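Colleague: Construct all of the structure, not just a fragment, from the sequences and the given hints.
So you can see what is in the structure, the chains are spelled out below.
There are 2 protein chains.
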Amino acid sequence: MNKLAKSLANYVPLTPVTFIKRASVVYSNRTSIIYGRTSFTWRQTYERCCRLSYSLRSLNLYRNDVVSVLAPNIPALYEMHFAVPMAGAVLNAINTRLDAKNIAAILRHSEAKVFFVDYEYVPQASVALRLLMVGSKGQHRMPLVVEIDDINKPKGVSLGKLEYEQLINDGNPEYSGEKLEDEWDAIALNYTSGTTSEPKGVVYSHRGAFLSTMSLIQGWEMGTEAVFLWSLPMFHCNGWTFTWGVAARGGTNVCIRNTTAEEIYKSISTHNVTHMCCAPVVFNILLEAKAHERRRIISNVNILTGGAPPAAALLEKMEDLGFHITHAYGLTEATGPALVCEWQSKWNQLPRDQQMRLKARQGVSILTLADVDVKNKKTMESVPHDGKTMGEIVLRGSSIMKGYLKDEKETAKAFQKGWFLTGDVGVIHPDGYIEIKDRSKDVIVSGGENISSVELEAILLKHPVILEAAVVAMPHPRWGESPCAFVVLRKTGSTTETEILAYCMKYMSKFMVPKKVEFVEVLPKTETGKVLKKELREVAKTLKIYNKPRKTIDLEMNV
Amino acid sequence: MNKLAKSLANYVPLTPVTFIKRASVVYSNRTSIIYGRTSFTWRQTYERCCRLSYSLRSLNLYRNDVVSVLAPNIPALYEMHFAVPMAGAVLNAINTRLDAKNIAAILRHSEAKVFFVDYEYVPQASVALRLLMVGSKGQHRMPLVVEIDDINKPKGVSLGKLEYEQLINDGNPEYSGEKLEDEWDAIALNYTSGTTSEPKGVVYSHRGAFLSTMSLIQGWEMGTEAVFLWSLPMFHCNGWTFTWGVAARGGTNVCIRNTTAEEIYKSISTHNVTHMCCAPVVFNILLEAKAHERRRIISNVNILTGGAPPAAALLEKMEDLGFHITHAYGLTEATGPALVCEWQSKWNQLPRDQQMRLKARQGVSILTLADVDVKNKKTMESVPHDGKTMGEIVLRGSSIMKGYLKDEKETAKAFQKGWFLTGDVGVIHPDGYIEIKDRSKDVIVSGGENISSVELEAILLKHPVILEAAVVAMPHPRWGESPCAFVVLRKTGSTTETEILAYCMKYMSKFMVPKKVEFVEVLPKTETGKVLKKELREVAKTLKIYNKPRKTIDLEMNV
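Protein chains in written order, with our numbering: chain A, 1 to 559; chain B, 1 to 559.
Since the hints were derived computationally from the structure, they do not count as laboratory data.
Note that this is a predicted model, so its numbers are computed, not measured.
Among the clues, some could well be false.
When chains are identical, the list treats them as one kind, so a pair holds in a single copy or across two.
Derived lysine-lysine pairs resembling DSS-like cross-links, with alpha carbons at most 27 Å apart [to be verified]: (1) 3 / 179; (2) 179 / 6; (3) 441 / 137; (4) 406 / 6; (5) 179 / 377; (6) 6 / 377; (7) 516 / 530; (8) 3 / 413; (9) 388 / 530; (10) 101 / 534; (11) 406 / 462; (12) 544 / 530; (13) 441 / 417; (14) 441 / 266; (15) 21 / 377.
Modeller: Laid out in structure tokens, this is it:
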């Protein structure tokens, strides 16, 4: 058995680049990309990738070199998902919502050799490049800048001399890319948005990207000929790997520049969209769309959602509109979704609200993960499957990142005892499904008891006049930490701190009742809709514990 | 990028064993196996595998040791697909249709350490063991024999002392298997049935088995909760990897001992079967079933067929019965199916017979193959995508076998210039779909021209009184080789050699017309329905070229 050696025929490094080579043959005349009046077939898209890849090599780009790009969901960004790794380089898609300072920090940290900039982002990019130049004091080699002009209506290049379509034109369509020698080689670099700490550069391997793509297509049951709407930014974990996945299934990419309700509804009805991904925050955009922006959803549109836990009620409203939602949980370090809330046919018999509660859970591991567990972080023992005992969600498998770029300390912190620690706290239900209770850092430790802020928020949200709620820890002289609730009221409602605390006394264990309720107009959030609890914790430090006006509440609250 | 090292958290060897560990958690209470009145849940099946694996280790089984098994599609054989690799050993499922001499040869060649025998196969196994003992002259260490009694109705052990359920009972349910260090390690050993040469021992790696399983679930779009009927023997490429695949999807295995029409129809209607695999030869069994054996197919039963090219007419008849058929092409060396005839929605508009002709093609590569091509074997240049130019089908990728056990010569012959040579001759159509024209050894080279025997057979089958046809090469003094046709006539029909040759003149290029037509009662076949052309070629050598009675035909035939 041992004498049978690996050969070129039976051991080929795994890489998602194979998906587009295959698509160019198998789905050659099928539409690969639609973007306004531009559309390509898979043969054309592959040819454009070959050309771009060739041009990148001509720019003296080598293995492990970083190519940064600042662009919305346009064909160029899609093509770069294949062309950059074909050139042996590493794709770094930058979050377009970042300010110039952050962009400069990423360009500096990643040592980007080439920087592609969409014409609309020239202003931020220009400032970022200036900051980079000044900050480096001549020490930093500036990246070569390539502007991506509007493919539908070119406006002329204003940043530097190179333009994207020119690189495509100058490329060699016969060039099929560098030979990948090792599937452990880096394919992409994605900076975390970091709700709890500084941005970190997460590196994916070709192997990890390939395997994640395979299992997400499968976990979501995305069939062949899918029409995929790019409502999720490609810079989020490479579009949760569906950049590569749509090529694998020979689907059609519908690219849109702006994620507005009108644009989404229009694309769905014009192109018969079958699949789209988005954070729950997009649900509100769709639900609050004005009448003239809406279209009736007549086709079967499957939505994969994640990025923040969706409320069961929100899922229900979206399904009422005609969307079919699958809930997933993941993080940048896991190459996007790591758990999918796989539907069980027996749930079809349950009442609607129960179905939605089941669906709001984070779910079960994708197929290419070797193992997922919830563990007591101190003892590293598995929690019982009781739906109650909380522990840290830990992952293991080849779709986990290679590590954080140039950050041995954080990499070592993330990988402990053979597991990747997600920093999320959850439970395992008796049916094996995992539910997130909190971010590890958001758990409130009050008098030795762990309090899940997510649990308190869920109870607060059932209050008739509360629209949004976020609970964080505030310092407490006796208990160490105590819960502090920030609430946004409905426009039509009004209430008092005393009334809300009385409500909490009714529905929560006494030790869980917040020691302070603060009314706010809006909650600070990331662009994916995650509440920035770090900021709220800072505010909470400045607040005073509720000054009990009535004795009854007082007595009960200091259990 | 290069400093980020592999760790236990982010680099886990790929193996299908992870599928059952996951199933035991995620699908714990779902039915894993149904076999008569026996049924298990995934938690139980996993526990049984852990126990068996532990017992195997207790029998002093080590890494790379071979465990042979002679059994039909029973739960034990299914469980061994996980328990044997969990013990670090290599599973060798032997074709139950082989005679004692062949079984002995496999036991000898594989150096099996343990030999599991289903109670029904004790007679063959006993003879095989005696042959092994005699043949080895005391040189060969005899395998430890374990009998598998009937789990539904135990009959008592008659072969040796060990029994399967006893090993299960004696095992440790907490044992979770040996840690796999290298995904290149062997997981299975399957002997080819060999229509053209001696049986060879094909070795699969854990990596290859994992990847094949992933892409076949995908290529066939087998969703979660599939109910899979074991109509395909598990000893054929480990059930085309669906032994592992059903666990991956948390489906239910319906095991049957005999592949009779009655058993298949009954299982489909009793258990709402959604998926089954079989060679086209099973279609005839289902189509020719007697009225009392049949049931109406009301559920959506998906069939994956392969092993021999199915006639378009046969596909149509099966779909008329209510089956939905997907056609695949593969071979033992490719871990089962390597091409799948992926359906394209635009074909829905075509006339039925054209749909069936498209479906009868072998199709496009599965996702985990790195590359598939059709090449001129001499120059290794790719053939044009014209649907006409023939070449050898070649494959490359990590789902290709490790090689042939203890056969460097054949391994080297199979892997050439970075490709695995299938020995099958085909064409690529303009849409990228591959169609097989012949086995490489079955191509007839007449006066320098390649003649596809499959093409001639297809024409002969259109003749109103011909039921079956097989064309092979016969020696020809002038052309080197010439086609010789063996035909089976319909019971109601009669014709003459002269008439058939006149028919051929009408529908074939002149150089293709057979030089001899031989009428036979039946064609020699393998159990999967492949015609044994090697045998026919031997017969053809003894036949005389058609002695032209009329001048017109004579003239035309010697073009």
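Colleague: So, for every hint listed, does it hold in this structure?
Modeller: Hints, one by one, checked against the model:
no.	hint	result
1	3 / 179	both (26 Å within a copy, 21 Å between copies)
2	179 / 6	both (17 Å within a copy, 21 Å between copies)
3	441 / 137	neither (37 Å within a copy, 71 Å between copies)
4	406 / 6	between (33 Å within a copy, 15 Å between copies)
5	179 / 377	between (42 Å within a copy, 24 Å between copies)
6	6 / 377	between (40 Å within a copy, 23 Å between copies)
7	516 / 530	within (22 Å within a copy, 78 Å between copies)
8	3 / 413	between (39 Å within a copy, 16 Å between copies)
9	388 / 530	within (24 Å within a copy, 58 Å between copies)
10	101 / 534	within (20 Å within a copy, 74 Å between copies)
11	406 / 462	neither (45 Å within a copy, 69 Å between copies)
12	544 / 530	within (26 Å within a copy, 83 Å between copies)
13	441 / 417	within (20 Å within a copy, 55 Å between copies)
14	441 / 266	neither (40 Å within a copy, 57 Å between copies)
15	21 / 377	between (44 Å within a copy, 22 Å between copies)
The structure fails hints 3, 11 and 14 (numbered hints given earlier, in ascending order).
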